[in-house]
Amino acid sequence: MDMHVLLVTAAKASYLLAALLFILGIKRMSSPVTARAGIKWAGVGMVIATLATFAITGTNNLAWIVAGIAIGVLPTWLWGRKVAMTDMPQMVALFNGMGGGSAAAIGAIELLKFSAEPSASHPLSTLVLAVIGALIGSISMTGSIIAWAKLDGRMDKRFTFAGQQAFNFAVFAAAVLAGLALVFWKLDVNLVVVFFVLALAFGVLMTLPIGGADMPVVISLYNAFTGLAVAFEGYAMGIEALIVAGMVVGAAGTFLTQLMAKAMNRPISGVLFSNFGGGGEGTAIAGAQKPIEAADAASLLYMAEKVIIVPGYGMAVAQAQHKIWELSQALIKAGKEVKFAIHPVAGRMPGHMNVLLAEAGVPYDLIADMDEINPEFKTCDVAIVIGANDVVNPAARTDKASPIYGMPILDVVEARQTIVIKRGKGTGFAGIENALFYADHTRMLYADGKEAANQLISELKMIEGGGGH
Amino acid sequence: MIDGFLALYIFMLAAFTGKEIIGRVPVILHTPLMSGSNFVHGIVLVGAMIALAEATTPLGIAIGFIGVILGAGNAAGGYVVTERMLEMFKSSKNENKG
Numbered sequence: 001m002d003m004h005v006l007l008v009t010a011a012k013a014s015y016l017l018a019a020l021l022f023i024l025g026i027k028r029m030s031s032p033v034t035a036r037a038g039i040k041w042a043g044v045g046m047v048i049a050t051l052a053t054f055a056i057t058g059t060n061n062l063a064w065i066v067a068g069i070a071i072g073v074l075p076t077w078l079w080g081r082k083v084a085m086t087d088m089p090q091m092v093a094l095f096n097g098m099g100g101g102s103a104a105a106i107g108a109i110e111l112l113k114f115s116a117e118p119s120a121s122h123p124l125s126t127l128v129l130a131v132i133g134a135l136i137g138s139i140s141m142t143g144s145i146i147a148w149a150k151l152d153g154r155m156d157k158r159f160t161f162a163g164q165q166a167f168n169f170a171v172f173a174a175a176v177l178a179g180l181a182l183v184f185w186k187l188d189v190n191l192v193v194v195f196f197v198l199a200l201a202f203g204v205l206m207t208l209p210i211g212g213a214d215m216p217v218v219i220s221l222y223n224a225f226t227g228l229a230v231a232f233e234g235y236a237m238g239i240e241a242l243i244v245a246g247m248v249v250g251a252a253g254t255f256l257t258q259l260m261a262k263a264m265n266r267p268i269s270g271v272l273f274s275n276f277g278g279g280g281e282g283t284a285i286a287g288a289q290k291p292i293e294a295a296d297a298a299s300l301l302y303m304a305e306k307v308i309i310v311p312g313y314g315m316a317v318a319q320a321q322h323k324i325w326e327l328s329q330a331l332i333k334a335g336k337e338v339k340f341a342i343h344p345v346a347g348r349m350p351g352h353m354n355v356l357l358a359e360a361g362v363p364y365d366l367i368a369d370m371d372e373i374n375p376e377f378k379t380c381d382v383a384i385v386i387g388a389n390d391v392v393n394p395a396a397r398t399d400k401a402s403p404i405y406g407m408p409i410l411d412v413v414e415a416r417q418t419i420v421i422k423r424g425k426g427t428g429f430a431g432i433e434n435a436l437f438y439a440d441h442t443r444m445l446y447a448d449g450k451e452a453a454n455q456l457i458s459e460l461k462m463i464e465g466g467g468g469h
Numbered sequence: 001m002i003d004g005f006l007a008l009y010i011f012m013l014a015a016f017t018g019k020e021i022i023g024r025v026p027v028i029l030h031t032p033l034m035s036g037s038n039f040v041h042g043i044v045l046v047g048a049m050i051a052l053a054e055a056t057t058p059l060g061i062a063i064g065f066i067g068v069i070l071g072a073g074n075a076a077g078g079y080v081v082t083e084r085m086l087e088m089f090k091s092s093k094n095e096n097k098g
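Quick note, the sequences are listed as chains A and B, same order.
Position 269 of the first sequence, counting from 1, maps to 269 under our numbering, and the rest follow consecutively.
Position 94 of the second sequence, counting from 1, maps to 94 under our numbering, and the rest follow consecutively.
No lab work stands behind these hints: they were computed from the structure.
Don't be surprised by glycine CBs; every beta carbon is placed ideally from N, CA and C.
Estimated spans, in silico, between C-beta atoms of each pair: (1) LYS19(B) / ILE463(A): 48 to 56 Å; (2) PRO75(A) / LEU59(B): 21 to 29 Å; (3) ASP3(B) / LEU7(A): 19 to 27 Å; (4) PRO375(A) / ASP3(B): 49 to 57 Å; (5) ALA84(A) / SER91(B): 19 to 27 Å.
Taking beta-carbon pairs under 8 Å as the criterion, some of the chain A residues facing chain B (in silico): (6) PHE22; (7) SER30; (8) THR57; (9) LEU112; (10) GLY227; (11) VAL230; (12) ALA231; (13) MET237; (14) VAL249.
Please construct the entire structure, taking both the sequences and the accompanying hints into account.
Following this line, the structure appears as structure tokens:
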């Protein structure tokens, strides 16, 4: 057998091994006990696949390849090591966008290569999937970059103008038409350029009006897009590892996106094409919000036996996770049962709250799912809501006129007492009043999350120091 | 080149694998799955490397070079971020034992 054929066979065998390691790795990531081993398995698979690829590429453009890898790896590795945990959502968005861009680049090379050859030399299915992969890869790249800019606070949260949806649709339709023309009419270099400009522009336009609490759905969706784009370009190039890994991620990402959308009780199209809060005002709420001082809140906690803490995006903004865990530890030391209740879409990416709590040192067995914790609110003496709003609004269950009616919520309103830590009286992302804040047994502690937790800790110490029983 | 129908089978089976692997997972695991799957599609680097190796025109080389940079960034960044997040997940039971 000739040397090159042998090397290519060896590389293909390594890809098979890498694909196996990816699947086993992701499987291990579905349990907190084995998750750390899982990412290492997947990492080994990636290194094996990358090294094996040099057997296929040989010395062609070798300097460019090595330089490209170095330029790609070094800054992201260093940046990823030192970035703050609160910035994780934008990092995930950014790395995802890079993957989408890479898939789009492969698509561009393939299409340019095809355009230089006679049209009969490539099968239709290859051309079609190369075009679709390039389209969604491009959308994922520019869309993720906009999502990154928004999450990083570099850009106004939402950007809307009159006729935006019609305009966006027109751009998308034009991109699809250009793609169809490439497949069925003419593989022309200028047309390839027009196609990519339209696809990249649509990614930007599509993400501009989306913001805030819809971000977990969007990040998850673009993750699925990149996976699919990688799978399709893998088909166009005839690399099985890309098909398998891309498709597994594409399917898992689509499933996760559906889960997120379901947790918001909104179809994915609703997240993408309509603005939250546009559906109605909801019934006006009678009564007033009742404030509480930190000292009184601390004595409520001191008398409680069971405390459930409900964190939301506000906790991330205030960077209050460490202080909240300090407060929880003080409560646990005083013999109280403490749990954390997490709504699936709390924060700005799937699992955002888990990361922050884990960073602060909260063991994962104290963290509970919505379905798991909801029956427990009835038996809970004090619920502390920090930085969460729409996901605890009982109007989602009771008020048919509310735009969030039907959204699954945490039943905080069932707790005997609720303390809401909040900066001021403003509304949440959906822009609607929260009935929980007006409930008879709810008290508002108006303060910055970190500051409030600090006050509660010291007030609790004073009560304990006084030896009161 | 992969036979068309064979490829369809690979697509189908990989899609089911993806769905089955993350089916019925608790919220606590959304983070590793989200970020871990974000890392896994960094395999696109392999495709970009081969595309760059096959490129002959200056334009092709330029696009391939960008593709390799982006793919390598996805893989490296995705790995570091995921590992850092997973490192923090620990159980109180383990803590008590240790």
